[in-house]
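Student: As you go down the protein sequences, you meet chains A and B in turn.
The first sequence stops at residue 518 when you use the numbering used here, and every number in between is there.
The second sequence stops at residue 518 when you use the numbering used here, and every number in between is there.
Rather than coming from a laboratory, the hints here were simulated on the basis of the structure.
The C-beta atom is built at its ideal place from N, Cα and C for all residues, glycine as well.
Be aware that a few hints might be false.
Stated by the list, open to error - Below, simulated SDA-like cross-link-like pairs (lysine to any residue); rule was C-alpha separation at most 20 Å, straight line: (1) K511(B) to R346(A); (2) K101(B) to N510(A); (3) K491(A) to T492(B).
What the hints assert, rightly or not - Output of the computed footprint for chain A on chain B, the stretches with three or more beta carbons under 8 Å from beta carbons of chain A: (4) 97 to 110; (5) 189 to 200; (6) 235 to 241; (7) 359 to 372.
2 protein chains.
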Amino acid sequence: MTTTPKIIDLLIEARWIATVDQPDVLKNHAVAIDQGRIVDILAQNDAATRYAPQQKTSLGNHLLIPGLINLHTHAAMSLMRGLADDLPLMDWLQKHIWPAESAHLSPEFVLDGTRLACAEMLKGGITCFSDMYFFPDAAASAAAEFGMRAMIGILTMEFPTAYAVDGDDYLKQGLAAREKWLDHPTTHFCLAPHAPYTVPDAIFSQVLTLSEQSNMPIHCHIHETRQEIADSLELCGQRPLSRLNELGLLGPQFIGVHAVHLDEEEMQLLARNGCSIAHCPTSNLKLASGIAPLAQLHALGINIGLGTDSAASNNRLDLFGEMRLASLLAKGTSGDPSVLPCRDILRMATLNAAKALGLEHEIGSITIGKAADLCAVELDNIECRPCFDPLSHLINVAGRENVSHVWVAGKCCVEHKTLLPSPANRLEPSIALWQNKLEYCRKA
Amino acid sequence: MTTTPKIIDLLIEARWIATVDQPDVLKNHAVAIDQGRIVDILAQNDAATRYAPQQKTSLGNHLLIPGLINLHTHAAMSLMRGLADDLPLMDWLQKHIWPAESAHLSPEFVLDGTRLACAEMLKGGITCFSDMYFFPDAAASAAAEFGMRAMIGILTMEFPTAYAVDGDDYLKQGLAAREKWLDHPTTHFCLAPHAPYTVPDAIFSQVLTLSEQSNMPIHCHIHETRQEIADSLELCGQRPLSRLNELGLLGPQFIGVHAVHLDEEEMQLLARNGCSIAHCPTSNLKLASGIAPLAQLHALGINIGLGTDSAASNNRLDLFGEMRLASLLAKGTSGDPSVLPCRDILRMATLNAAKALGLEHEIGSITIGKAADLCAVELDNIECRPCFDPLSHLINVAGRENVSHVWVAGKCCVEHKTLLPSPANRLEPSIALWQNKLEYCRKA
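Generate the whole structure from the sequences, applying the supplied hints.
Tutor: Here's what the structure looks like:
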C-alpha cells in the first residue's frame with residue numbers, strides 16, 4: 075500500500091538531532107514542519123516517502139538543537155557594550171552606566187539597542203530572550219521586526235527615569251504595552267520587579283496580584299552581591315529572599331536572577347517553592363559578584379536556566395559561552411568533573427528556560443506539536459575535528475560561530491551564518507550615531 | 075629634502091595596534107616588515123612616504139596584536155578531542171586517554187595530531203606553542219610544515235611507552251631530536267619533565283644540568299590537584315614544590331604548569347625565584363582541579379602566561395577563551411572587578427609567555443627588531459558593535475572567530491580567516507582514519 079506524501083512547509087534533515095526531551099541524539103533524522111510547528115520527527119528515509127516539503131534543508135554535518143533561550147538580559151544595553159570595564163561595581167554603575175542612561179534613555183535608544191541585541195542573539199542561535207528594561211513596547215517592536223520570540227519584562231522600581239516616575243507608573247506603562255501585544259504570537263510579557271533593593275513591599279504585592287490574575291512569571295534580580303544582602307539586613311533586618319518569601323512572591327512563577335549568595339536554607343526555600351533560577355555566570359564573574367553554587371542548586375532539583383545579562387556586563391550575548399562557563403564552573407568549584415554533563419547544560423539553555431517562562435508547552439525541545447524554534451550547529455570545521463560525540467562538541471568545542479541556521483516558529487532567520495533579511499545595513503548608521511553620543515557623554 | 079622610499083617586504087596598516095610594550099593603543103599606524111622582522115612602527119601617513127613595500131595589507135577595522143603564545147599544550151592530543159568528557163580524572167585517564175595512547179602512540183599519531191593542532195591554533199591567532207608530548211621530532215616537523223613557531227618539550231618521565239623506556243631514554247631521544255632542529259629558525263626546544271609524581275630526583279637533576287648547560291627552560295606540571303600534593307606528602311613527606319626547590323629546579327628558567335593549589339609560602343617561593351606560571355584555567359575547571367589564585371600570583375609580580383592544555387581536556391586550543399576566562403575568574407574569585415584589566419591579560423598571552431620561554435628578545439610584542447609574529451583581529455561584525463575600546467573588545471567580546479590574518483616571522487599563515495596554503499584537504503583523510511581507530515578502541 076502506498077500513501078500520498080503529505081505536503082508540508084519545510085523538512086530539515088540533520089546528521090544529528092538533540093531533541094532535549096529524548097535521552098539519545100538521533101542520527102540521520104529529519105524534522106517535518108508545517109505552519110510553524112513541528113509535525114513529525116523521523117528517519118530521513120521515512121521522511122522521503124511520507125512528506126512532500128515545499129522546502130528542504132539538508133544539514134549533513136550539523137547538530138540540530140532547540141533554539142536557545144536567554145533567560146535574562148537587558149537587550150537594549152547592547153549599545154553600551156564595553157562602555158566601561160574592569161571597574162568596581164559602583165563606579166561602573168554611578169560613573170558610567172547610569173549617567174549614560176540618564177542622558178540617552180528613550181524609546182529610540184531601546185528600539186535600536188534591542189535591534190542590535192536581536193541581531194547578535196539570533197546569529198548565535200538564541201531564538202527567545204527574557205528581557206528587563208525600560209520602554210518595553212520598543213523592545214517588543216524590535217523583537218517582532220526580527221521575528222524573534224521574546225518575553226518582555228514589565229519593569230518596575232522606585233527610580234524615576236525618562237520612562238516612568240515611580241513603581242505604579244512603571245506598572246501602568248508596562249501593562250499598557252502588554253495590551254498592545256496581547257495577540258502577537260511570539261511576543262509575551264512577564265512581570266519584572268527590578269530587585270528587592272529598588273522595589274518596595276507595596277509594589278511587590280501589586281506584582282504578585284498581577285502575576286496571579288494574568289498567569290505571568292515574575293522575573294527579579296536576587297542575591298546578586300553580598301552588599302545587597304548586608305544592606306537589606308541593615309534596612310529591614312531581613313535577607314532579601316526571606317522578605318520576598320514573606321510577601322508570598324516565591325513560587326513556580328518566580329525566576330530569581332543571579333542567586334549567587336545563598337545559604338543552605340535559602341536553597342531549600344527556592345527548591346520547596348518550585349522557583350526557577352536564571353544563572354548568569356559571566357556577568358557574575360565580571361562584576362566580581364561571585365560564583366553561584368550551581369551543582370548544589372541542580373542537585374536540589376531547582377529549575378535552572380542560563381542568562382547572558384546585558385552586553386554592558388558580559389560583553390557577549392552568547393549562550394554558547396554561558397553553557398560552557400556554567401559547565402566548567404560547576405565542575406571546578408564542586409571538585410567533581412562529572413557534575414552537569416553536556417545534556418544537562420543543553421537542557422538549561424532550552425527546556426528549563428522554557429519552563430521558567432511558562433512556555434514549556436510551546437518551546438524548549440524538538441517535540442511534535444511545539445513551535446519550530448530551531449538552531450543548527452555546524453561541526454565540520456577543523457576546530458571541531460575529530461568528533462566522537464556531537465553533544466560534547468556542542469558544549470566543549472563549538473561556539474556561536476558554528477551556528478549556521480536558525481528558525482523561529484518555522485521561519486528561517488539565519489541561513490548559512492547570515493541574518494535574513496540582513497538588517498546590518500539598516501542597523502549600522504544608528505549604532506554609529508549612538509556610539510558618538512555615548513562617547514561624548516563618556517568623556518564629559 | 076625628499077628621501078627615496080625604502081623597499082621593504084611588507085607593510086601592515088591597521089586601525090588599531092596594541093604593541094603590548096607601549097601603554098597606549100596606536101591609531102592608524104603601520105608596521106613595516108622586512109626579512110621577517112619588524113623594522114618600523116609609524117603613522118600611516120609617514121609610512122606612505124618612507125617605505126615602498128613589496129606587499130601591503132590594509133586592516134581598516136582591525137586591532138593588530140602580537141601573535142598569541144600558548145604556554146602549555148599537548149598538541150598531538152587534538153586527535154582525542156572530546157574522546158571522553160564529564161568523567162572523574164582517574165576514570166578519564168585510566169579508562170580512556172591512556173588506553174588510547176597505549177594503542178596508538180606513534181610518530182604518525184604525533185605528526186597528524188600536531189598538524190591538526192597547528193591548523194587550529196594558527197587560525198585562532200596563536201603563532202607559538204610550548205608543547206609537551208611524545209615523539210618531539212614529529213611535533214617539530216608538524217610545526218615547521220605550518221611555518222609555526224614552537225617550543226618543543228624534551229619530555230621525560232619514568233613511564234615506558236612506545237616512545238621511550240625510562241627517564242634516561244626519554245632525555246636521550248629528546249636531545250637527539252633537538253640536535254636535528256638546532257639550526258631551524260622557528261623551532262626551539264626546552265626540557266619537559268612531566269611532573270613531580272612521574273619523575274624521580276635523579277632525572278630532575280639531569281634536567282637541571284641540561285638546562286644550565288644549554289640555557290633551556292624547564293616546563294613541568296606542578297600542584298595541579300590536591301591529590302598530587304597529598305600523594306607526595308605520603309610518599310616523601312614533602313609537598314612537590316618544596317621537593318623541586320631542594321633539587322634546585324626553581325629559578326627564572328622554571329615554568330610551573332597549572333600551579334592551582336599553592337599556600338602563601340609557595341607563592342612567595344615562586345616569586346622569589348623568578349619562576350613563571352602557565353595558567354590553564356579551562357583545563358583546571360574541566361578536570362575539577364580547581365582555580366589558581368591568579369590575582370594573588372599577579373600581585374606578587376610572578377610572570378604568568380596562559381595555556382590551553384590539550385584538546386582532550388579543554389576542548390579548544392583557543393587563547394581568546396583562556397584570556398577571557400582568566401580575566402573573569404580573577405575578578406570573580408578575588409571579589410575585585412578591577413584586577414587584571416585587559417592590557418594585563420593580553421600581556422600574559424604574549425610578552426609574559428615569551429619571557430617564560432626565554433624568547434622575549436624575539437617575540438611577544440610589536441617592537442622594532444623583533445620577529446614579525448602578528449595577529450589581526452577584525453572588530454566590525456555586529457557582535458562587536460559599538461566599539462568604545464578595542465582592547466576591551468579583544469578580551470571581552472572578540473573570539474578566535476574574529477582573527478582575520480596571522481603572520482609568523484613575517485610570513486602570512488592566515489589570510490581573511492583562511493589558512494594558507496590550506497592544509498584542510500590534506501588533513502581530513504588522516505583525521506578520519508584516526509577517529510575510526512580511536513572510536514574502535516573507545517568501544518572495545
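Student: Between K491(A) and T492(B), is the straight-line Cα distance small enough, at 20 Å or below?
Tutor: holds, 17 Å
Student: Count residues of the region 189 to 200 of chain B with a Cβ under 8 Å from any Cβ of chain A, then say if the count reaches three.
Tutor: holds (count 5)
Student: With a C-beta cutoff of 8 Å, work out whether three or more residues of the region 359 to 372 of chain B approach chain A closely enough for the coverage to hold.
Tutor: The restraint on the region 359 to 372 of chain B holds, since 7 of its residues have a Cβ under 8 Å from chain A and three suffice.
Student: Counting residues of the region 235 to 241 of chain B whose CB is closer than 8 Å to a CB in chain A, do you get three or more?
Tutor: violated (count 0)
Student: Within a Cα-Cα threshold of 20 Å, do K101(B) and N510(A) meet the stated pairing?
Tutor: holds, 17 Å
Student: For a C-alpha distance cap of 20 Å, please report whether K511(B) and R346(A) respect it.
Tutor: violated, 49 Å
Student: Residue count check for the region 97 to 110 of chain B against chain A: does it reach three with CB-CB under 8 Å?
Tutor: violated (count 0)
Hints 1, 4 and 6 from the earlier list are contradicted by this structure; the remaining hints agree with it.
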